[in-house]
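Peer 1: Those protein sequence lines, which keep their order, are chains A and B.
Residues 0 to 136, numbered by numbering that gives the first Met the number 0, are exactly what the first sequence covers, in order.
Residues 0 to 853, numbered by numbering that gives the first Met the number 0, are exactly what the second sequence covers, in order.
Don't read these hints as lab results, they were simulated from the structure.
Any given hint might turn out to be false.
Here are some, though not all, of the chain A residues that point toward chain B, as calculated from beta-carbon distances under 7 Å [as the list claims (entries may be wrong)]:
1. LEU8
2. HIS43
3. SER47
4. ILE80
5. THR87
6. GLU127
Small disclaimer: the values here were computed from a predicted structure and weren't measured.
In this text, a Cβ means the ideal position worked out from N, Cα and C, and glycines have one as well.
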Amino acid sequence: MKKSSIIILIGIASLIVGILVYGVDFSTYSTITSAQKSPGKFVHIIASLDKTQPIQYDPINNPNYLSFYAVDSLGGTTQVIYHNSKPTDMEKSDRLVLKGKMENGHFECSDILLKCPSKYKDNKNNLERNLKEQTGN
Amino acid sequence: MIQFQGEHLLPGQLGHFFVILAMVSALLSTISFFSSAYSKDLASGASWEKIARYSFGIHAISVMAIFSVIFFLCFNHYYEYMYAYKHASKELEYKYLLACIWEGQEGSFLLWAIWHVVLGSCFMMYAKKKEERKQWLSPVMGVVALAQFFLMLMILGIYFFGVRIGNSPFTLTRNEIPAPIFSRPDYLNFIKDGMGLNVLLRNYWMVIHPPVLFLGFASTIIPFAFAYAGIQTKRFGEWVKLVIPWTLFSVAVLGVGIMMGGKWAYESLSFGGYWAWDPVENASLVPWLIMVAGLHTLLIYNSTKQSLSSSYLFMILSFVFVLYSTFLTRTGILGDTSVHAFTESGQAINIMIGIFVLSFTLPMLGLYFRNKKHFASVLQEEDTSSREFWMFIGSLVIFLSALFVILVTSIPVYGKTPLLKDLILKLHGGPLALPEDPEFLYNKVMVLVAIILGILTAISQYFKYKHTDTKYFLAKILWPTMVAALITLLVAIFGPLTYEKHGPGFLVAIYIAFFAMVYAVVANAMYIFTVLKGNLKFAGASIAHFGFGLMIVGVLISSANKKVLSNSNANGLVIPAGTDPMTRKQDNQLENLTLLRSIPAKMGDYDVTYLADSSSLKESGRIFYKIHFSKTGKGAKEDFNIMPDLYMMKNSNISPNPDSKTFLTEDVFTYITNAIDKTKVEDTATFEVKELALKENTMFSFGYVKVDSVNVNPEDQRVTYTNKSDNALMARITITLPDSMHVMSKPVIQVKDNNIIRINDTLYAQNMIVQFEGVDTETRKVRIGVKRSSSPMDYITVKTYLFPYINLVWVGLVILALGTLLSMLKRWNASKMTIVLTLLLSGAALFYMFLIAS
Chain A
0 MKKSSIIILI GIASLIVGIL VYGVDFSTYS TITSAQKSPG KFVHIIASLD
50 KTQPIQYDPI NNPNYLSFYA VDSLGGTTQV IYHNSKPTDM EKSDRLVLKG
100 KMENGHFECS DILLKCPSKY KDNKNNLERN LKEQTGN
Chain B
0 MIQFQGEHLL PGQLGHFFVI LAMVSALLST ISFFSSAYSK DLASGASWEK
50 IARYSFGIHA ISVMAIFSVI FFLCFNHYYE YMYAYKHASK ELEYKYLLAC
100 IWEGQEGSFL LWAIWHVVLG SCFMMYAKKK EERKQWLSPV MGVVALAQFF
150 LMLMILGIYF FGVRIGNSPF TLTRNEIPAP IFSRPDYLNF IKDGMGLNVL
200 LRNYWMVIHP PVLFLGFAST IIPFAFAYAG IQTKRFGEWV KLVIPWTLFS
250 VAVLGVGIMM GGKWAYESLS FGGYWAWDPV ENASLVPWLI MVAGLHTLLI
300 YNSTKQSLSS SYLFMILSFV FVLYSTFLTR TGILGDTSVH AFTESGQAIN
350 IMIGIFVLSF TLPMLGLYFR NKKHFASVLQ EEDTSSREFW MFIGSLVIFL
400 SALFVILVTS IPVYGKTPLL KDLILKLHGG PLALPEDPEF LYNKVMVLVA
450 IILGILTAIS QYFKYKHTDT KYFLAKILWP TMVAALITLL VAIFGPLTYE
500 KHGPGFLVAI YIAFFAMVYA VVANAMYIFT VLKGNLKFAG ASIAHFGFGL
550 MIVGVLISSA NKKVLSNSNA NGLVIPAGTD PMTRKQDNQL ENLTLLRSIP
600 AKMGDYDVTY LADSSSLKES GRIFYKIHFS KTGKGAKEDF NIMPDLYMMK
650 NSNISPNPDS KTFLTEDVFT YITNAIDKTK VEDTATFEVK ELALKENTMF
700 SFGYVKVDSV NVNPEDQRVT YTNKSDNALM ARITITLPDS MHVMSKPVIQ
750 VKDNNIIRIN DTLYAQNMIV QFEGVDTETR KVRIGVKRSS SPMDYITVKT
800 YLFPYINLVW VGLVILALGT LLSMLKRWNA SKMTIVLTLL LSGAALFYMF
850 LIAS
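Input sequences plus hints: build the corresponding full structure.
Peer 2: Structure representation (structure tokens):
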């Protein structure tokens, strides 16, 4: 290609690379235990809802406060506080991706992503459960 | 062997037969098309082509038949078939019947295949029409037929050496789900209904968005196949002229398809906007961006014989990224990063999708690099005053932005790639994840892209191909520049952009991007009048660029000035938003506001009251909420209702649908994030009952109650009289509360068909239910019961946003699509009548869908 366009191309590419390298703090998938060791660091945690502990959400008093306990596959557990409304189908989800950081002994969550078995219904266990509910068998 | 009762096995067998027929005929057609393309002598080439065309015809009929059978199964609710059981249900409205077909993997593969068949058939007619096009038929169609072969494999469902190839849509429920019920011959009597369409997807966009998007995806195969044909026939540059209109078609349809997804997300998926940089959205945007880049390099080649090599590359990569996006969204690899990717659907199908992607990507890239020397253009002195120079820079920027988007989107893939995974672990200290604010990562790169593209879109058309006189250029560009600068200045003074979340530097970047895009709008509008002298026939490109600029202007304003209305406070108590200890910035997380029924709350300039709820008559579990907004004070008085709704699931979870009030300059957008499930509320309070004489205040535990009058057989909408013996009494009651507030209530007691019915009056604001217990016939005293509960009886939690000038996004998109279509028709030498009719019809349809139907 032409010389000047190559120069411009390299210029733009290096600009983008520069932004990425200096301006972006890519996060890490972490475990609860290692997140607890480095409080204040923004991480992603893959965990599931601890169903033995209560979910606290009282929209009348404060619709922007949700508290629950999460447990990850290595057995680490923590209280999670999420300043937003309770995500739909949270109890049904089999996996939660929590984004946030450890703070004062709890996980201060800024975003929750739910993985629901029902979402695209391609999960056989879910179909089986549904069938049993319907047929009473 | 059990004889099962009531099963309809014939349609399934028929469907299965057509799947096999479709696959075999696609294979035969592929082989014959390629044999025809490679045969040296004309006669055998022609006979191969004939075989190929006939087998493609059989294939086309079979694909349509498969679709009809699936439709038949879902329409008749034949739940012995897994597909009907999984996706259809009896309560589903008819308009969703098609939607439930493409909800599943198999159905959406089929939809894709159908569009390939349609496009392939159109292409064959197109190629037969003129002598110089005929040589392209076989190589192009060979590629299409090969893709069809792979798509048919995906829905084949036959075992080879113990491995199931593809998932058939005609499997039986009893073979797929291991449940004891299936040991009964009469099991079908117990399956009352299918699972139905996911409530999240019950929206009319689910009916039209997938077909349009898949037509867009499918259409990228024609330019790809042309690129192959260019190499195969060794007529390396001759295909360019022919492919340009097909590319324009692809750009228009795929662009509209993507933005339909955005509009759907905005209208009903409660993502809080029309674009969230979700991996699934990105995966469809990338092929479009590359196709747009490729369109511009094709145009350059058409006029100057330059940049053939990049045209090849872009045409190839656009389709390759369609395949890659199939891989991303259908294999479950995005599992942890996307809200709406398919979850895992089995190892076998994942491997097959992988093979499909690689067998198109690798050979084609191999051919490209082996023949690269043939694409080289004649070296000549570059001229920065030529149109092709700036167009090429623009194409490169678009291409690079596409690469950037796909590199970030592919982050989950890196963690699953063997060698790369270890490298990342070593360098990064853990699996790579998106940063805290992923949208900002995209936005800060894309705002730079917008700046460059806006300016290039504005100036490029004023350059001429090869060389432009500087004086001519400066004279023409002067006015657009001044006007755009003036508009930006006026906006900065009178309606400033106020995006402060990422500091003043980013706001300045947004302002420059705003200027650049306004520049693009103004310059292209003026180009039509000053250079083209208003001749719209040649103005396709300018119209499309005008629309593009307008769309991005809308994106910039509506995103930068998006306001959360529902964040003021909760029930009068100001809850301080958390402050991020690292950045010292306010966390903007308090976006939910609880509205107690009948009690007004403040939201920005509005007084907002949750008035009432009502259940849908058509769909069970769907509830509508009426929310009243009013704005008083200086300026215009506004008064309107917004009716968001939700599906209440069996486990009290909700699935909300937003509603918005659209004004010319802004949208008030609301959805429900929490609501009580009234069927599950346990009431522990009891009625406090007293006998009251007329017009006398009687003391209750909470205040005074007075019966003002009792009406016999009142005319009230709550009361209906069917028999002559039906009687009703309605008490008019005044309740005085300790804060000396008066509340009116009208409970009713009715004798209907010799039964006593009490119609209680609920005072939501006071948490009270008032009941008319009866009348003492001797003393003429009235027995009134009042129940007061300690917690609010009905409330909803909402999120409300204000999107200013969002209509610019949709208007811009419609104009972009129409301009592109105009160019396409022009290049196909369509008659004036055809052009006008097509543009009118598609314009009306798009305008209706994007701006009126909601």
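Peer 1: Now tell me if each hint is right for this structure.
Peer 2: Hint check:
no. : hint   : result
1   : LEU8   : 5 Å, holds
2   : HIS43  : 4 Å, holds
3   : SER47  : 13 Å, violated
4   : ILE80  : 9 Å, violated
5   : THR87  : 5 Å, holds
6   : GLU127 : 5 Å, holds
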